[in-house]
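So the protein lines, in turn, are chains A and B. Taken in order, the first sequence gives residues 1 to 459; the numbers are from the numbering used here. Taken in order, the second sequence gives residues 1001 to 1322; the numbers are from the numbering used here.
Where hints are given, some of them may not hold.
Below, simulated BS3-like cross-link-like pairs (lysine-lysine); rule was C-alpha separation at most 30 Å, straight line [stated by the list, open to error]:
#	chain 1	residue 1	chain 2	residue 2
1	A	K18	B	K1165
2	A	K157	B	K1108
3	A	K237	B	K1299
4	B	K1096	B	K1263
5	A	K280	B	K1299
These are calculated hints, taken from the structure and not from any lab test. Note that the coordinates shown come from a computational prediction; the quantities given were computed from them, not determined experimentally.
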Amino acid sequence: MQHQMEDFIRALRAADVKVSPAESIDAHEAVARIGYADRELLKDALCATLAKSEDEVRRFDRAFDNFFARDPFDFAQPPPPEGGGSPPPEARLEDVSEEAASSELAQIILAGDSTALSQAMERAAQAAQVSEIRLSTQKSRLTRRLLDEMGVAEIEKIISQARRLEGEGGNALADRLEAGRRIVAAEAQRYMQRQHDLYAAESGRQLREELLARKALNAEGGIDPVDLQVMQALVRKMAKRLADRYSRRRNRARRGHLDVRRTLRQSMAYGGVPFNVVWKTERVDKPKIIAICDVSKSVAAAAQFLLTFLYSLNEVVDRMDAYAFSGRMIPVNQILDEHGVDKAILEVLKLIGFQQTDYGKALQDFAENHLDRLDRHTTVIILGDARSNYADPRLDIMRTIHERSRSVIWLNPEPESYWNQGDSVMNRYLPFCHLAKTCNTLDQLERIIEDVLRQYVPH
Amino acid sequence: MTILAQAANASPSMDSFASVDALVEGLGGVGYIASRRIATALYMSVHLQKPILVEGVAGVGKTELALSTAALLDLPLIRMQCYEGLDESKALYEWKYGKQLLYTQILKDRMGAELADAAGMDEAMERLHGMGDMFFSEPFLEPRPLMKALREDAGCVLLIDEIDKSDEAFEAFLLEVLSAYQASVPELGVIKAKTPPIVFLTSNNVRDLGDALKRRCLHLHIPLPEASLERRIVASRVPNIEERLTHQLVGFVHALREMDLRKSPSISETVDWARALILMHADSLDAAMVRDTLNVILKYEQDIQMVEPQVSELLRTALTTP
């Protein structure tokens, strides 16, 4: 069973349940205490020691049911003879050849012993190392190897030998072996499928997510609708992770620093004897973020991605103001709050998307209506390509924003070599940004946002 | 010595931990209706001597599990509520500064007299050092929950409530306590538990806990219960409720959970509602009664507004489903 447990833990890891060596020791101890007799008990005990979050519990349950699923094999009994007459006596294995008599698989098939067959298959699976499967293309090759290990080649030889035997009995035996062989082959295929689900299915998904994270999001044609959902899930996970780390305000006590002023003040009540000693604390502020997102024609491909990010950030950061603009700028917090992610993005795009860009006008709108939202705790994040159709970029407003906020961060979906080419005024905005970076894949986005939060947001 | 050995000497309740089934029964005896998964996790935690991290939505019975375990084992329960900014001095120990100051004030003259006949500065310092140790000794130590738990010689149940509300730094500090059942006080040395306490940590998932902490704990996620289990819980918590009413109100609550609400009612709300209905002498549900008491199970104005017009319909489905 030791081997079984190791395989199971491997299957869990493949299913994205993180199991550390310490936890697998726990699991072994748990099993040593409760034994294998009670399936439900085993499942609950392993679950308590191995799965460490609600998600993991769900994945654990699925992996457990899959791993310890053992459907009994169904051996077809020979059909009852027609016409009532007694069936012709079947040839025995010994009649065929000496080798045949010693074939384990043939005996199992003839006896219809499904338990023995399960065990034989497990043994063969270990020998053929089928649990090493990584890709779905390996399935057929590994199935073949599994069957070889079980001795199916021998069975085929016995069948052909039996057919050549004198009399009815040989054929009858061959038929039954043939039927048994088919069942074994089908079972081996099902077995492989399950192994694939256990060990490889998840790695395929992970591969896809990795590729997607590196895919340029402003590529021609935008994002594949199939990928869009995966991407949204990724973005949401990312935003949650970032918010977990940065959105809580903490009152950190600085141990050992006496707050003399407050201690003296408190001691007044006790005639100057400092009964209550007050230590200095540092107050850590929650970040306040203003995100401004360009949704005009020039960033059409990336707009959806940028808005998805805006949406997720809005979900997890308490104090965030979100704005979107093409020609004019509007606040979109309400839209993001009220609708689901798909609907919200559509609403924003419908309201203001895909028009002529005018950065100057947009900045002016911001300056006129929302400048009071800026203070020295605020981080401003601008998502856009700075292509302003040769209109006045209003650098003066940009300077005001720069001076009033804690930091200004510009994330541009275009690579740096494109900046300042054509109608891009990126380089003229640059002096007013604390940080300007290219950002057109999920990977980059996460890294930059992480940097941003670490350096520019108080924490 | 383990809790089990300790308790076996003291009380017959130990049979409860002989097997999972016995534990389910034992918990039932103290009013906690547990599913097999809950009981198994608790069973493993006691036998492997590991803390148990309980997660689940608010009001699903996380804290209650710790209380019931304490009742079952007849051990004292020490509870520590976590919050932002909780630190060592509030969780483990603190020196009683006030008392120290008061004593030095009172003993000032006495100390002066002691020091007066010292031959020189060195000798005076020497004596003063001896007195210093006096002031950092047990009588001046204010034990906080963790220290109290470690010093319970007969063992206890330690409940660290809402660990997700505390800071990461505090979480790291807990690691020593949870894995070795000991804590170090610089002035006194390492304090080690004679009998490791049974530790429950609860979390509402406000933030993700660190992997290091999770690894040291067994994990138990308590989901919202199935109807049959919830009926048994209500029956056990509200003894004089009629079976028909239990059936109806659990059915109604389950229908509510299907809806997209800001805060779905959990077990504690179901039980509160049952109690409220008993107070109002209701023996079956009707639409008017439900509308009047909706604020017991729903905690947001928006939720109440959303549910109110649908009460009759929800009630009909709740009454027809078995």
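We went through each hint and held it up to the structure:
Proposed proximity of K18(A) and K1165(B) is supported: the alpha carbons are some 24 Å apart, at most 30 Å. With a C-alpha separation of about 105 Å, the suggested pair K157(A) and K1108(B) falls outside the 30 Å cut-off, and the hint is violated. Simply put, K237(A) and K1299(B) have alpha-carbon atoms about 28 Å apart, close enough for the 30 Å limit, and the pair holds. Our distance criterion of 30 Å between C-alpha atoms is broken by K1096(B) and K1263(B), whose separation comes to about 43 Å.
For the hint linking K280(A) to K1299(B), the alpha-carbon distance of about 38 Å lies beyond 30 Å, and the restraint is violated.
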